[in-house]
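Start from chain A and add chain B according to the hints.
Number of protein chains: 2
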Amino acid sequence: MSEAEAPKAAVLVIGDEILSGRTKDSNSGFIADTLTDLGIDLAEVRVVADRMEAIVEAVRALSEKYTYVFTTGGIGPTHDDITADAVAEAFGVALNVDPRARAILEARYENSEFKLNEARLRMARIPDGAELIENRISGAPGFKIGNVHVMAGVPAVMQAMMDVIAASLPASAAIESETVEAGRGEGDVAAPLEKLQADHPSVRIGSYPYHDGTRFTTRIVLRSRDRAALKAARAALDAALESG
Amino acid sequence: MSEAEAPKAAVLVIGDEILSGRTKDSNSGFIADTLTDLGIDLAEVRVVADRMEAIVEAVRALSEKYTYVFTTGGIGPTHDDITADAVAEAFGVALNVDPRARAILEARYENSEFKLNEARLRMARIPDGAELIENRISGAPGFKIGNVHVMAGVPAVMQAMMDVIAASLPASAAIESETVEAGRGEGDVAAPLEKLQADHPSVRIGSYPYHDGTRFTTRIVLRSRDRAALKAARAALDAALESG
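Sequence lines, in order, name chains A and B.
Heads up, the first sequence is in the working numbering, so the first residue is 1 and it goes up one at a time.
Heads up, the second sequence is in the working numbering, so the first residue is 1 and it goes up one at a time.
So here's chain A without its partners, still in its complex pose:
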């Protein structure tokens, strides 16, 4: 599979609490790791507020542009949980209490200290035509409509949903990587890396400068779906660093 044909994904994180800096987003990192394992290229992450217009616009834009979209946040029982409404609007379908989702919540709350009140029943509202995504942690399901997978924002719940989704995605050629510590500043590896990139077009070469406590150094990461090309680039990089 060439890089151009490879599936591409976007993550849409929904929530004022992330944008205010109050909560740090860990969900997109988890999804990034899962997608990398599956060989799916995560091409974009967006974080937007709990505002109808912002969510509708982002869902439409990302859904048109990428193979898969994964959203987190905004599917709870309160007034600021409007993700299901926005996704239904983005796809132009109705949003009603879904009998399957209602049955799941009824079973969940039957022997619980919590009551299935009107607010919690909001979590059973599913856009017409969507498939449910199982929530092994707290019951209330996510859903999939078109290429958009809608998940909760609470990390443990989101992770359980992502595990279910991952099992359903077609396997792709995994992206493998090689990491090399250059042991010198980024400016001193720039010229050999530029040549390396030109010589090995099917390998993506990234360089990440950092200070290791005593000096500035650089981590070089080679990534490719083609193992032979990756190994060839790694050998060429090692040779360049030894002679440099």
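Careful: at least some of the hints might be erroneous.
[Said to hold, decoys possible] Interface residues of chain A toward chain B, partial, derived using beta-carbon atoms under 8 Å:
| id | residue |
| --- | --- |
| 1 | Asp16 |
| 2 | Lys24 |
| 3 | Gly39 |
| 4 | Ala119 |
| 5 | Ala235 |
The hints are simulated quantities; they were obtained by calculation from the structure and are not laboratory data.
The C-beta atom is built at its ideal place from N, Cα and C for all residues, glycine as well.
Leaving out everything else, chain B in the frame of chain A:
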């Protein structure tokens, strides 16, 4: 100042290493905290890859839509650092070695173990008409063109640049917040919160469910630029929780 007139900002994080899950983005959280302190609403965060087309498109879209844009990443010396090129293209201006930036780098490397080679001189390329943003940590400056502030990706360097930028931004009415632990599940506070939001339209009310180790509970956050309105909403919330 009303919420509609308040300045809005976007953050654009540039880098394959964030999207691959290899590096977790901490920069947007730091910028979010700084903007909250300044009373600037962070309305959107995007993360895109080190690809020309993706960066140009995001810079144009965010620059048109928001009062301020802050980018991080992709201004180092290597072949995959193409942010300056992309920002110049987005604004339709030339990108050349800037004499001011060159002088900074020459002074920096004069007594250094590192040499100001051709690769490092790439970091002096600044779009025509841009102002420089000081880098107290490692020399190579960021820049501002139009409403777009271009910063490094290394967190310590980005933070130093953001401090410089923050001092130059006009002060806005600060966004104040009140946080209340509800001590009960989100589904049990949903109805009173919906009423509270309707009664206090100038206060944004968010609810964030979590498990505290023994039970599911909810953190409620009230946010407003209007201190009196915030206090009134807080009092109403306390009363609702006591009677509920």
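Tested hints:
1. Asp16: holds, 5 Å
2. Lys24: holds, 5 Å
3. Gly39: violated, 12 Å
4. Ala119: holds, 3 Å
5. Ala235: violated, 19 Å
In summary, the structure is inconsistent with hints 3 and 5 from the numbered list given earlier, while agreeing with the others.
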